[in-house]
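**Student:** Chains as they are written, first to last, in the numbering used here: chain A, 1 to 507; chain B, 1001 to 1112; chain C, 2001 to 2118.
Hints may be right or wrong, so weigh each one.
[Stated by the list, open to error] Below are the BS3-like pairs computed for lysine-lysine, each with C-alpha atoms no more than 25 Å apart in a straight line:
hint, chain 1, residue 1, chain 2, residue 2
1, A, LYS306, B, LYS1071
2, A, LYS306, C, LYS2111
3, A, LYS167, C, LYS2024
4, C, LYS2111, A, LYS167
5, B, LYS1071, A, LYS393
6, C, LYS2105, A, LYS167
7, C, LYS2029, A, LYS335
8, A, LYS208, A, LYS335
[To be verified] Chain C is faced by these chain A residues, among others (derived, beta-carbon under 8 Å):
hint, residue
9, LYS167
10, TYR174
11, ALA192
12, PHE415
Read the hints as simulated data drawn from the structure, not as lab findings. These numbers come from a predicted model, not from an experiment. The beta carbon of each residue, even a glycine, is placed where N, CA and C say it ideally should be.
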Amino acid sequence: MIKHVPVLLVAIPLVVAFMLPIIGMVNRTIRTITAGVAIVIIMVLSYLLIQDVMICKKIFYYMVGSPDPTALFEHGLTFPIRIALKIDQFSLLFIIMATTLSFLFYLFSSQYIEENERKNYFTVLYVCMVAGMMGMLIANDLFTFFVFLEILSISSSALVSFRTERKHPPYAGYKYMFVSSIATSFFLLGIAFLYAQYGSFNIDYLKKVMDGTVLDKIAIVMLILPLAMKCGVVPMHMWIPDTYSEAPAPISSMVKLGSLICLYGLFRIAFTFGSHVYVSYELGILFILFGVLSMFVGVTQALIQKDVKRLMAFHAVSQVGYMLLGVGVGLSVIKSGDASFAIYGKIAMIGGLFHVINNALYKGLLFLTSGIMVRHYKTRDLNVMHGLAHYDKFTALVFMIAALAISGIPPLNGFVSKLIIYESVFHYNPLLTLIAIFVSVLTLASFMKVFYSAFLGMPPERKPVEQPILVKFSMVILSIIIVAIGLFPQGIIKLLIEPAVNALATF
Amino acid sequence: MHEFELEYLNWIPLLWVCVFLIIMVLFIIIGKIFFRDDFDEMSEQGLPFYSGTSNKMLQLITASNLYWGFKHTLQSYFNSLNRLFISNLGDFIQWFIIIVAIMLLIITGALM
Amino acid sequence: MSAIILYITFVLLFTMGLFALIFKRNLIKIVIALNILDSGMNLFFITLGYRHNATAPIFTLLPWDTHITMVLPTPQALILTNIVIGFATTALMLGVAILTYRNNKTLDTRKLRGVEEL
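In isolation and in its complexed conformation, chain A is listed as follows:
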């Protein structure tokens, strides 16, 4: 049973997604529950893998369509051309993050999105998004990765423009699809350059035979930059605030999660191919440059925003910078030949990957609270918001936890990963640490602005409606996880992050 888990992670959401419209015609409650159960099942499946993959260091391979799917190379084939799936420690880390968070966001959206005939499509597209993420995470060949990237883009773009009766969301969805189509076209070009030389798409095979020609280097650029564009690295970041702010609140969180999955692809390709093409140092330096630029530009732009969701979206840009900084430091010293990788490079990578997890948690929670604010005030303008905390103490508390976590205040999870990044990057270059701390301070300042204007001040004109139980439940769970990781970081690092870094940094 457990050897079929890789394919089940993709198959269950895909099959359920296309069953949902039929079930929805019969009964809407059953449809909602079915989609939830499908996500729960893949979540439990991903937890079952922890024992095998993280502790026993086993790697799952799966060849879809072959008589013995777990056999690595079939007889008579010099290289595998089947759809290859693979789960190692690095992908399992992201799988656990994606399944858990998409389940919590689903709980939120199941009662946040109002029930009408369009909720059917919402649920279908949501489960398709989960399938796309899972496919990207377990794909071991580049074309499968590309196909699932497209599934993720198409379903997220349709969800971004979900409220089609309003003025701006359709154009935001158009913009998202425009950016992703360009990104995927260039990604396909990169795949084609690799296929033209080696005749295969399989990542493991390519890793074995790559020898660092100029075409390889061009292909790496073509593979990395589209994914960087989809994470919103700074010179290509302006679509992020435009689309995140128009999407419904749980979808903003989901799209953010999807962009972190693109970050997974970015790291995977940079580490797998980078050292074989002898460009890991240059790539590391570029990651650090992009990271610092993203951090600084994102946070300064966020500080002056008046729109609450645009402000949070600019912070999404700035937080990606931290991850790129941490992992970029690791990437730039990994082939240096001296002990610098063992001394600080690995710890920087641990910090970077840990920050991915933490960021997905508190950023998702922030977008969810922004949804509640927007629903109460009927506008996203911070200038007209005042005094929600007089009536809705729960949202105020949850927002405060998330805002303190994103600004790195001690007992919460953002502090831990930021501390690791500061400490390790300091060995590399103290200036980078200074910039990171400065950005952190500005983050706190801009969230103080949101808290001041949305929650403090004179009481609002009307009382807020009581939030439904599942909405509250998902937010409570998210904040409990945030506090728990902040209090017990060592366990998470030992169990999940460190094996992932080891898997990423071995060739």
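Given chain A, work out where chains B and C should sit, using these hints.
**Tutor:** Okay, now just chains B and C, sitting in the frame of chain A:
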């Protein structure tokens, strides 16, 4: 000896909770000391004093009033950022192609 | 010889698509430009798998010692997938463009700011 030097993360969780609680208690004590007993929020003392306007929305310090000095000082920086992105669809791909070109030059070593 | 013509066609299509993407302001024209870009990619992939004087890769259980050359089967399968994906993308973008026109009464990207003016 651990494989990696993250010993400073081996903190005692209870200590953080204690520090948090102590700070909360300090706040309450300071509040008790410095707040006057005859303060009554329900009476007119609870209302803020505004001079000038009687419009309630104008009496608030709104979000765009915060950090105005920062905004004012860095106005040229923000203007230049806004000039780079006039929210045209062409901008996205234009920047993408520029970055692709720069990265191709660096990675393939054409600059060396 | 024919492969070189095809590669040149790919480069032309790709550049045309990029040019139109950068300089065209109409939402429908942008969709057309993306389609041109996509066709260029498809042509490139098919050309990569092309072998001169070869047959279609439709044999099962072909003995190893035959001298039939076949074109590569993988790019063709992948391009079929890519065509379907391109179709989905085009349909979605056109649908969203119609909705944009209905809500904003324009297709010009200079007039569409895409964000709520606060």
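**Student:** Now tell me, hint by hint, if it's right for this structure.
**Tutor:** Now for the hints, and whether the structure bears them out:
In summary, the hint linking A/LYS306 to B/LYS1071 is supported, as the alpha carbons are separated by about 12 Å, within the 25 Å threshold. With a CA separation close to 22 Å, the supplied pair A/LYS306 and C/LYS2111 stays within the 25 Å bound. For the hint pairing A/LYS167 with C/LYS2024, the CA-to-CA distance comes to about 23 Å; that is within 25 Å, so the pair holds. Restraint check for C/LYS2111 and A/LYS167: the C-alpha separation of about 13 Å stays at or below 25 Å, so the hint holds.
Restraint check: the Cα-Cα separation between B/LYS1071 and A/LYS393 comes to about 31 Å, which exceeds 25 Å; the hinted pair is violated. A distance of roughly 10 Å separates the Cα atoms of C/LYS2105 and A/LYS167; the hinted pair therefore holds under the 25 Å criterion. At roughly 47 Å between alpha-carbon atoms, C/LYS2029 and A/LYS335 are farther apart than 25 Å, so this suggested pair is violated. Restraint check for A/LYS208 and A/LYS335: the C-alpha separation of about 17 Å stays at or below 25 Å, so the hint holds.
For A/LYS167, the interface hint holds, the least distance from its beta-carbon to any beta-carbon of chain C being 5 Å, beneath 8 Å. A least Cβ separation of about 5 Å between A/TYR174 and chain C falls short of the 8 Å threshold, and the interface hint therefore holds. Restraint check, A/ALA192 versus chain C: the minimum CB separation of about 6 Å is within 8 Å; hint holds. Annotation: interface hint on A/PHE415 violated; nearest CB of chain C at approximately 32 Å, more than 8 Å.
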